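**Student:** One-letter residues, chain by chain:
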Amino acid sequence: DIQMTQSPSSLSASVGDRVTITCRASQGIINYLAWFQQKPGKAPKFLIYGASSLQSGVPSKFSGSGSGTDFTLTISSLQPEDFATYYCEQYFSYPVTFGQGTRLEIK
Amino acid sequence: EVQLLESGGGLVQPGGSLRLSCTASGFALRSYSMSWVRQAPGKGLEWVSAMSESGESKYYADSVKGRFTISRDISRNTLHLQMDSLRAEDTAVYFCAKAVSWARPYFDYWGQGTLVTVSS
Numbered sequence: 001d002i003q004m005t006q007s008p009s010s011l012s013a014s015v016g017d018r019v020t021i022t023c024r025a026s027q028g029i030i031n032y033l034a035w036f037q038q039k040p041g042k043a044p045k046f047l048i049y050g051a052s053s054l055q056s057g058v059p060s061k062f063s064g065s066g067s068g069t070d071f072t073l074t075i076s077s078l079q080p081e082d083f084a085t086y087y088c089e090q091y092f093s094y095p096v097t098f099g100q101g102t103r104l105e106i107k
Numbered sequence: 108e109v110q111l112l113e114s115g116g117g118l119v120q121p122g123g124s125l126r127l128s129c130t131a132s133g134f135a136l137r138s139y140s141m142s143w144v145r146q147a148p149g150k151g152l153e154w155v156s157a158m159s160e161s162g163e164s165k166y167y168a169d170s171v172k173g174r175f176t177i178s179r180d181i182s183r184n185t186l187h188l189q190m191d192s193l194r195a196e197d198t199a200v201y202f203c204a205k206a207v208s209w210a211r212p213y214f215d216y217w218g219q220g221t222l223v224t225v226s227s
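Protein sequence lines, in the order shown, are assigned to chains B and H. Per this note's numbering, the very first residue in the first sequence carries number 1; after that it's consecutive. Per this note's numbering, the very first residue in the second sequence carries number 108; after that it's consecutive.
If you are wondering where the hints come from, they were derived from the structure by calculation, not from laboratory data. Just so we're clear, the structure is a prediction, and the values are computed from it rather than from any experiment. Every residue, glycine too, gets a C-beta built ideally from N, C-alpha and C. Be aware that one or more of the hints could be misleading.
[What the hints assert, rightly or not] For the chain B half of the interface with chain H, some residues (derived, Cβ under 7 Å), not all of them:
hint: 1; residue: Asn31
hint: 2; residue: Ala34
hint: 3; residue: Pro40
hint: 4; residue: Tyr49
hint: 5; residue: Pro80
hint: 6; residue: Phe83
hint: 7; residue: Ala84
hint: 8; residue: Tyr91
hint: 9; residue: Phe92
hint: 10; residue: Tyr94
hint: 11; residue: Val96
hint: 12; residue: Phe98
hint: 13; residue: Gly101
[What the hints assert, rightly or not] Only pairs whose alpha carbons sit at most 25 Å apart, straight line, appear in this in silico SDA-like list of lysine to any residue:
hint: 14; chain 1: H; residue 1: Lys165; chain 2: B; residue 2: Ile2
hint: 15; chain 1: H; residue 1: Lys172; chain 2: H; residue 2: Ser114
hint: 16; chain 1: H; residue 1: Lys165; chain 2: H; residue 2: Ile181
hint: 17; chain 1: B; residue 1: Lys39; chain 2: H; residue 2: Pro148
hint: 18; chain 1: B; residue 1: Lys39; chain 2: H; residue 2: Val207
hint: 19; chain 1: B; residue 1: Lys42; chain 2: H; residue 2: Gln219
hint: 20; chain 1: B; residue 1: Lys45; chain 2: B; residue 2: Ala13
hint: 21; chain 1: B; residue 1: Lys39; chain 2: B; residue 2: Gln79
hint: 22; chain 1: B; residue 1: Lys42; chain 2: B; residue 2: Arg103
hint: 23; chain 1: B; residue 1: Lys39; chain 2: H; residue 2: Gly122
hint: 24; chain 1: B; residue 1: Lys39; chain 2: H; residue 2: Ile181
hint: 25; chain 1: H; residue 1: Lys165; chain 2: H; residue 2: Asp180
hint: 26; chain 1: B; residue 1: Lys45; chain 2: H; residue 2: Phe134
hint: 27; chain 1: B; residue 1: Lys45; chain 2: H; residue 2: Gly122
hint: 28; chain 1: B; residue 1: Lys39; chain 2: H; residue 2: Ser161
hint: 29; chain 1: H; residue 1: Lys150; chain 2: B; residue 2: Gln100
hint: 30; chain 1: B; residue 1: Lys42; chain 2: H; residue 2: Gly122
hint: 31; chain 1: B; residue 1: Lys61; chain 2: B; residue 2: Ile2
hint: 32; chain 1: B; residue 1: Lys42; chain 2: H; residue 2: Ser161
hint: 33; chain 1: B; residue 1: Lys39; chain 2: B; residue 2: Gly68
hint: 34; chain 1: B; residue 1: Lys45; chain 2: H; residue 2: Ala210
hint: 35; chain 1: H; residue 1: Lys150; chain 2: B; residue 2: Thr22
hint: 36; chain 1: H; residue 1: Lys165; chain 2: H; residue 2: Gly133
hint: 37; chain 1: H; residue 1: Lys150; chain 2: H; residue 2: Gly122
hint: 38; chain 1: B; residue 1: Lys107; chain 2: B; residue 2: Ser67
hint: 39; chain 1: B; residue 1: Lys42; chain 2: H; residue 2: Gln110
hint: 40; chain 1: H; residue 1: Lys150; chain 2: B; residue 2: Phe83
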């Protein structure tokens with residue numbers, strides 16, 4: 001199975017900040033990577049696929065990059081509604097696997 | 108509008124069984140691959156099982172293989188997860204999720220989840 005490791009596990013930031021979350025795959029996955037946002041008690045929300053393609057309706061403040069084993073999610077100009085937990089998912093092969101999550105908190 | 112609505116969760120004793128359902132609207136199940144993903148309390152997301160568009164291919168996580176069975180009822184546009192021999196570690200919120208395709212299993216729509224608690 002492909003292991004996905006996110007860093008950091010938690011992150012404190014202020015409104016208006018720009019933050020970057022990293023996701024590393026245990027083997028190459030080309031660009032078969034998705035990102036999700038999850039708020040407490042809610043289902044995950046789909047943000048990005050193909051490592052860098054924004055899902056329709058997702059604000060352009062979210063951006064993704066990377067290929068192979070190393071990927072990043074960047075969120076610019078943080079707003080209160082962006083504070084949540086973020087997960088990466090590799091879909092290069094079954095079983096699909098998720099990172100352990102990065103909790104983004106307000107400083 | 109795509110909607111997924113899970114049901115069937117609840118409290119069950121270890122060794123017991125439960126059948127989850129996910130009723131889809133806004134699209135036809137027979138045209139899309141579907142998965143179940145779970146989340147233990149305070150933990151991350153764990154993929155559980157997937158079914159291909161045709162229904163012929165089914166995959167399971169090692170942690171549930173031989174105990175869980177994914178199926179669907181096309182006439183009711185409903186996905187099921189039969190869970191047998193339940194263990195305490197199966198306690199989680201179970202989400203059904205629509206995949207873009209079997210070959211590209213990232214999930215563009217999710218249900219709200221149903222809680223399964225395995226405890227005596």
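**Student:** Please list, smallest to largest, the hint numbers that this structure does not respect.
**Tutor:** Violated hints (numbers, rising): 1, 3, 5, 6, 7, 9, 23, 24, 27, 28, 30, 31, 32, 33, 38; every other hint is consistent with the structure.
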